[in-house]
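Working from the sequences, and respecting the hints, build out all of it.
Listed in order, the protein sequences are those of chains A and B.
The first sequence begins at 1 in our numbering and counts up by one.
The second sequence begins at 1 in our numbering and counts up by one.
Keep in mind the hints are simulated off the structure, nothing from the lab.
C-beta atoms are modelled at their ideal positions from N, C-alpha and C, and glycine is treated no differently.
Wrong hints could be hidden among the right ones.
Derived coverage of chain A by chain B (criterion: at least 3 residues anywhere in the stretch with Cβ under 8 Å from a Cβ of chain B; other residues may be distant) [to be verified]:
hint, stretch
1, 65–76
2, 171–184
3, 393–405
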Amino acid sequence: MEQSNPSPPTTRRIAIDPITRVEGHGKITLLLDADNHIQEARLHIVEFRGFEKFIQGRPYWEVPFFVQRLCGICPVSHQLAAAKAVDQLTGIRQLTPSATKLRRLLHFGQILQSHALHFFHLSSPDFLFGFGSNPAQRNIAGVLEKYPEIALKGVKLRKYGQQIIQAITGKRIHGTGTVPGGMNKPLSIAERDALLADITDILQWSQEALALNEHIHTAHPEHHHFATLPSNYLSMTGASGELEFYHGGLRARYADGNNIFDQFDYCDYQQILREEVRPWSYMKFPYLSALGIEQGWYRVGPLARINNCNMISTPLAEAARQRFKAFGQGKFVHHTLAYHWARMIEALHCAEAIDELLHDPEITGTELIAEKGQHQPQGIGVIEAPRGTLFHHYQINEEGLVTKANLMVSTTSNNQAMNESVRSVANQYLDGQEITEALLNHLEVAVRAYDPCLSCATHALGKMPLQVTLQDVNGKVIDQLTKGMSGEIHR
Amino acid sequence: MQTIHDTIIIDGQEIPFTKGQTIMDAALAARVYIPHLCHYPGLTPSGNCRLCTVDIGSKSVAACITPAAAGQEISNNTSALNDARKSITQMLFVEGDHICPSCEKTGNCKLQAMGYYLGMLDEHFPQFYQHREVDASHARILLDRGRCILCDLCVRASREVDKKNVFAIAGRGTEAHLIVNSSTGKLADSNIEPGDLAANICPVGAILIKEQGYQVPIGQRIYDQHTIQETGLQENSVKKNDD
Chain A
1 MEQSNPSPPT TRRIAIDPIT RVEGHGKITL LLDADNHIQE ARLHIVEFRG FEKFIQGRPY
61 WEVPFFVQRL CGICPVSHQL AAAKAVDQLT GIRQLTPSAT KLRRLLHFGQ ILQSHALHFF
121 HLSSPDFLFG FGSNPAQRNI AGVLEKYPEI ALKGVKLRKY GQQIIQAITG KRIHGTGTVP
181 GGMNKPLSIA ERDALLADIT DILQWSQEAL ALNEHIHTAH PEHHHFATLP SNYLSMTGAS
241 GELEFYHGGL RARYADGNNI FDQFDYCDYQ QILREEVRPW SYMKFPYLSA LGIEQGWYRV
301 GPLARINNCN MISTPLAEAA RQRFKAFGQG KFVHHTLAYH WARMIEALHC AEAIDELLHD
361 PEITGTELIA EKGQHQPQGI GVIEAPRGTL FHHYQINEEG LVTKANLMVS TTSNNQAMNE
421 SVRSVANQYL DGQEITEALL NHLEVAVRAY DPCLSCATHA LGKMPLQVTL QDVNGKVIDQ
481 LTKGMSGEIH R
Chain B
1 MQTIHDTIII DGQEIPFTKG QTIMDAALAA RVYIPHLCHY PGLTPSGNCR LCTVDIGSKS
61 VAACITPAAA GQEISNNTSA LNDARKSITQ MLFVEGDHIC PSCEKTGNCK LQAMGYYLGM
121 LDEHFPQFYQ HREVDASHAR ILLDRGRCIL CDLCVRASRE VDKKNVFAIA GRGTEAHLIV
181 NSSTGKLADS NIEPGDLAAN ICPVGAILIK EQGYQVPIGQ RIYDQHTIQE TGLQENSVKK
241 NDD
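Here it is as structure tokens:
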């Protein structure tokens, strides 16, 4: 892996720590040059996890339930990606129809609850009150007080997604469900009917959430330039190029919409993706290997998926995608704040897809386990998690113990983009040398658009370069320790 | 002639016993629960886990290995004893790698159920973080020593019921660990089979049948539906094989 150079020593440092209303903890450092211009923006990930390391030596069938503990927001995504990898490890190529539909239903429930959480709980205060508004009000409690109807619908949308997760996995967070080759329990008629009882409201509220986001973005031209970046996009799509969250081929496109690759088999992801390590963050910097480090960074997640896909299989979400496309005049929409709009198109798609699946007789089927095949030495599972494309890759020995794990999570893929967005906003809004609360939140709004999950993104342990710097009150470096790639420590 | 019933008194309740019974035997026969992890009806008691500590007057004894004697006045379900049992359970947790949230034994684990029964809310003591070897060499059976609580139920089950002597405890103190009686020390080279009692009696997740984890949905696992007190009073005696 390549390593970039550390920052020049003459720059002035401004740190924002911690970033609020994102999943996990991060830190932004702005490096100013002698003229107080932003030379570089760094989104530091200061959490330290280590899942890739401590999964080693564990039995492969433990993996989905071990790695889902990476996160309390999207554990289902990690469980499903790992379960797909475990299916491969046990030589299973095709699940039963009911098992496949249960996993899809679970995944739609997961994305719905995560998207609802992100907009209503984390981001809506920015848009309903303004980026620079009174911070005492700019939070979910403030939204509940001033816009109780919107807030309550958001809470209920999330709750519904969690109810789906609970019905299938036994718990709202960190349940079970997947087993090699299928699922461990069917959805009962009573459970299905209980979910169906609320689906009309869910469809209605999802449309309202979409309308609100669509209005916010289209009615505020200033949002169109905020942290906006032309970028490459990566996502999974279905066989016809449709929006697909659970299983499909990889599609990457340039900022102008042209294909870099399409329907690429994700089992060969190492041919198209590489990761760069930088010493100041626990989060790696992936890039498309064909384009190199400088040009190969890309964005994933709702904006990537809605830009990249040819169509959406459910009618209301497809109509919304068409409006999104028309807004971009047929071209890719690169507005970073359009992530929110795209996210709500996906939430509506989830609601529609949940409605379809709950009306499908096979959703309550009891044939849930496919016959196992020959064990394989490695398994790769890829899905579209709420925040973007999620890769799980495991190698096992002949005894069934994991020898190597590689997790490439969505937030990691957006790492460079988040740094670029922060730099863009800082250059636009930093006035002189004073950091105001409003500036701080403008920077956070840029990061927040990506819905980053910093816990998920820092899962590695072991051969990780790490730089620790000790500064006195004047900013002078008085000590520095660096751990190298091989674990050696030097001063 | 007047018949004299041999009885003991546990927490004020008079309980009959027959000659040769331990306090634990008599209590279980009378459906009085004394918390335990290393005791299993039918296997020779070992007094390893000390969860069944009771007080006879000012003396603390392990109920599973102390013979019942007429007139014993025994304290069992007291807050002081249950606090001590909770501390013992906490020590068992910190000695091993008991990661309940992702463990395949969760919901079916006696150690976890004991923690719930005793109101254990944290581990209290610092973790040992011991490195204990996983033996996955057997095609059907996994031995994860990190979860072993050294109850030696597998040792006794293999010796007394399976008649194989597959397991033993070696080392002392914090060095104590489960060893396998085979030429290589590996499970694959022993004569254990998945149907053996030793392969199925582990109260935690140290000995498991491979590739069976997580198949029972949440809500249908043993301790989703029962307390360890209920299951502890329902265990049927295993039959020793004296051939």
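The hints, checked one at a time:
{"no.": "1", "hint": "65–76", "verdict": "holds (count 4)"}
{"no.": "2", "hint": "171–184", "verdict": "holds (count 9)"}
{"no.": "3", "hint": "393–405", "verdict": "holds (count 3)"}
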